[in-house]
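Colleague: Top to bottom, those sequences are chains A and B.
Heads up: the first sequence is residues 1 to 345, going by this note's numbering.
Heads up: the second sequence is residues 1 to 141, going by this note's numbering.
Treat each hint with caution, since some may be false.
[To be verified] Straight-line distance between alpha carbons at most 16 Å, and here's what the computed EDC-like set of lysine to aspartate or glutamate pairs gives:
| id | chain 1 | residue 1 | chain 2 | residue 2 |
| --- | --- | --- | --- | --- |
| 1 | A | K312 | A | E282 |
| 2 | A | K321 | B | D63 |
| 3 | A | K319 | A | E275 |
| 4 | A | K242 | A | D258 |
| 5 | B | K78 | A | E343 |
| 6 | B | K78 | A | D292 |
| 7 | A | K335 | B | D85 |
| 8 | A | K319 | A | E343 |
| 9 | A | K335 | B | E87 |
| 10 | A | K319 | A | E273 |
| 11 | A | K335 | B | E79 |
| 12 | A | K340 | B | E79 |
| 13 | A | K319 | A | D277 |
| 14 | A | K321 | A | E343 |
| 15 | A | K335 | A | D292 |
| 16 | A | K335 | B | E82 |
| 17 | B | K72 | B | E87 |
| 18 | A | K340 | B | E82 |
| 19 | B | K78 | A | D277 |
| 20 | B | K78 | A | E282 |
Treat the hints as calculated values from the structure; they're not laboratory data.
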Amino acid sequence: QRSFSTSKAISKESEESSAPKTGEKEAKVKEKKPGKSGKENLLDLLSAMKVDVTTKKKFQASKSQKSKEQPRVHPESMESATSMFQKATTEQQTQKESLSPELVAAASAVASSMPFKKSQTESELLQQLRKHESDTEVHRKGETNNIGNIIADMKVGKRPNARSPNRPANQIRFDDDGRGYTHDRGVVNEFDAVRRRKSLFTGKRLNIFPSMTDTTETEPKEVSVPSLWDIELAGQIAAVIKHLPRNGFEEMIQWTKDGKLWQYPINNEAGLEEESDVPFHEHVFLDSHLEDFPKQGPVCHFMELVINGLSKNPYLTVKQKIEHIEWFRGYFQQKEDVLKESEVY
Amino acid sequence: MAALMLSWVVKSGFEFLQTSFRTTSLAQRCTTGNVEQVRGYYVNWRMLRDVKRRQMAFEYANDRLRINAIRKNTILPKELQEVADKEIAAFPRDSCPVRIRNRCVMTSRPRGVKRRWRLSRIVFRHLADHNQMSGIQRAMW
Chain A
1 QRSFSTSKAI
11 SKESEESSAP
21 KTGEKEAKVK
31 EKKPGKSGKE
41 NLLDLLSAMK
51 VDVTTKKKFQ
61 ASKSQKSKEQ
71 PRVHPESMES
81 ATSMFQKATT
91 EQQTQKESLS
101 PELVAAASAV
111 ASSMPFKKSQ
121 TESELLQQLR
131 KHESDTEVHR
141 KGETNNIGNI
151 IADMKVGKRP
161 NARSPNRPAN
171 QIRFDDDGRG
181 YTHDRGVVNE
191 FDAVRRRKSL
201 FTGKRLNIFP
211 SMTDTTETEP
221 KEVSVPSLWD
231 IELAGQIAAV
241 IKHLPRNGFE
251 EMIQWTKDGK
261 LWQYPINNEA
271 GLEEESDVPF
281 HEHVFLDSHL
291 EDFPKQGPVC
301 HFMELVINGL
311 SKNPYLTVKQ
321 KIEHIEWFRG
331 YFQQKEDVLK
341 ESEVY
Chain B
1 MAALMLSWVV
11 KSGFEFLQTS
21 FRTTSLAQRC
31 TTGNVEQVRG
41 YYVNWRMLRD
51 VKRRQMAFEY
61 ANDRLRINAI
71 RKNTILPKEL
81 QEVADKEIAA
91 FPRDSCPVRI
101 RNRCVMTSRP
111 RGVKRRWRLS
121 RIVFRHLADH
131 NQMSGIQRAM
141 W
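Okay, chain A solo, but in the shape it has when bound (with noise of 0.2 Å):
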């Protein structure tokens, strides 16, 4: 059932809570940009690297560094349009919402502490976290406004009304001659006037309705707990208008609204809504919930492996995390003369 061991499947939770550098190893993989050898060897440093102590004392100690650069885009590199207007999009919503500053701070530390090409690595390791940051966006918002953003850069070319090939032939109208018929428009021109605006609300008001805002301005009704009496009518009320279902499909559809059904198209995140906010980091640095724990010895190393497992474990929230760790606590606490006899504690 669960364990702490690590697992492959590669979901949008395990993108989230992998440090910067496993998200550029995965991303140079999907992207296969033509080969720059910088790039190599800074993966390669990074895999030598040591991770957990030394470079979050940098991610804290260094707070106010420079601003971070922007991305640059390369038409000759892209591979495809589509990821060229992905890029696009990309830029767009960074320049709406920009990372948090102690994430730039940390990616402008850990580009430092890089032996060369340091300016390279850092917009790099930024422009990862924002296509991290734009990724869960899109992923949280679902694909409504993908088409949107993937055409903004597009122009629309709009043709002009074509039907002119018909006009010479409306030019000669038959009516006079007695067939008692004029070439047939069609309806479309009718609705030509309608087509041409823009949009619904375009237009002179008629005022022929009072506005919201002076109809819903009621005061907030006190609102008392409501008495049995008020609880048996409004489930009489629900009783008579609740149909019995007709055929199957309604059936169906009351199941998905108790929530008997799951949700289609599959969502495999259906009752974590709230999860995906927690940033990634907090996932993955554990290390400020061991504070209670002794500093040394086999306790300390036992708990260190604990919370490495629980770092690469996508599928438990961070309140079951901290809940396993404070679990450990209190079970070492109780044992404490069991640990003190073998000098341990």
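Go by the hints and put chain B onto chain A.
Modeller: The following block gives chain B in isolation, referenced to the frame of chain A:
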């Protein structure tokens, strides 16, 4: 006297079934509006016991995991591990997941159950032949 006792036992047993393990015990209204009770029972007592074991295994899952993490360890001292051994042995017997048996959902058959459908082979065949299983077809090659 004995009959009374028997009926009391039976009643309390069914009450136990209904109160603690409600299957579909919502009062529903039929089309005329009268309230009817919808009673559901598990297929047999063995299925009920399996349900109880599953619930208890879920309850104790975290504790078992943590104590096993202490036991299966080469770092912590052996005295602590022995204490942990005794602790996990003190847990109720139904809390270990090994006792769960994947029974058929319809007939509670313990053997011949396909995991994907949670049905025994007989029920599976019955439903598939009557076209109740989506995407299942008789194999022929």
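Colleague: Compare the distance between the alpha carbons of K319(A) and E275(A) with 16 Å, and conclude whether the hinted pair is satisfied.
Modeller: 10 Å, holds
Colleague: Regarding the pair K335(A) and D292(A), is the alpha-carbon distance no greater than 16 Å?
Modeller: 15 Å, holds
Colleague: Can the restraint linking K340(A) and E79(B) be considered satisfied, given a maximum Cα separation of 16 Å?
Modeller: With Cα atoms ~11 Å apart, K340(A) and E79(B) stay inside 16 Å; holds.
Colleague: Is the hinted pair K319(A) and D277(A) satisfied, with a Cα-Cα distance of at most 16 Å?
Modeller: 13 Å, holds
Colleague: Taking only the CA atoms, is the gap from K335(A) to E82(B) under or equal to 16 Å?
Modeller: Judged against 16 Å, a Cα distance of about 12 Å means the pair holds.
Colleague: CA of K335(A) to CA of E79(B), is that 16 Å or under?
Modeller: 10 Å, holds
Colleague: With the threshold set at 16 Å, check whether the alpha-carbon distance from K321(A) to E343(A) stays at or below it.
Modeller: 28 Å, violated
Colleague: Between K335(A) and D85(B), is the straight-line Cα distance small enough, at 16 Å or below?
Modeller: At roughly 13 Å apart (the allowed maximum being 16 Å), D85(B) and K335(A) satisfy the hint.
Colleague: Holds or violated: K242(A) with D258(A), Cα cutoff 16 Å?
Modeller: Holds, because 13 Å separates the two Cα atoms, which is no more than 16 Å.
Colleague: Given the hinted pair K335(A) and E87(B), is their alpha-carbon gap at most 16 Å?
Modeller: Holds, at roughly 12 Å.
Colleague: Is it true that the CA of K78(B) sits at most 16 Å from the CA of D277(A)?
Modeller: It is violated: about 42 Å lies between the C-alpha atoms, which goes past 16 Å.
Colleague: Between K78(B) and D292(A), is the straight-line Cα distance small enough, at 16 Å or below?
Modeller: Violated, at about 23 Å.
Hints 6, 8, 14, 19 and 20 from the list above are not met by this structure, while the remaining hints are.
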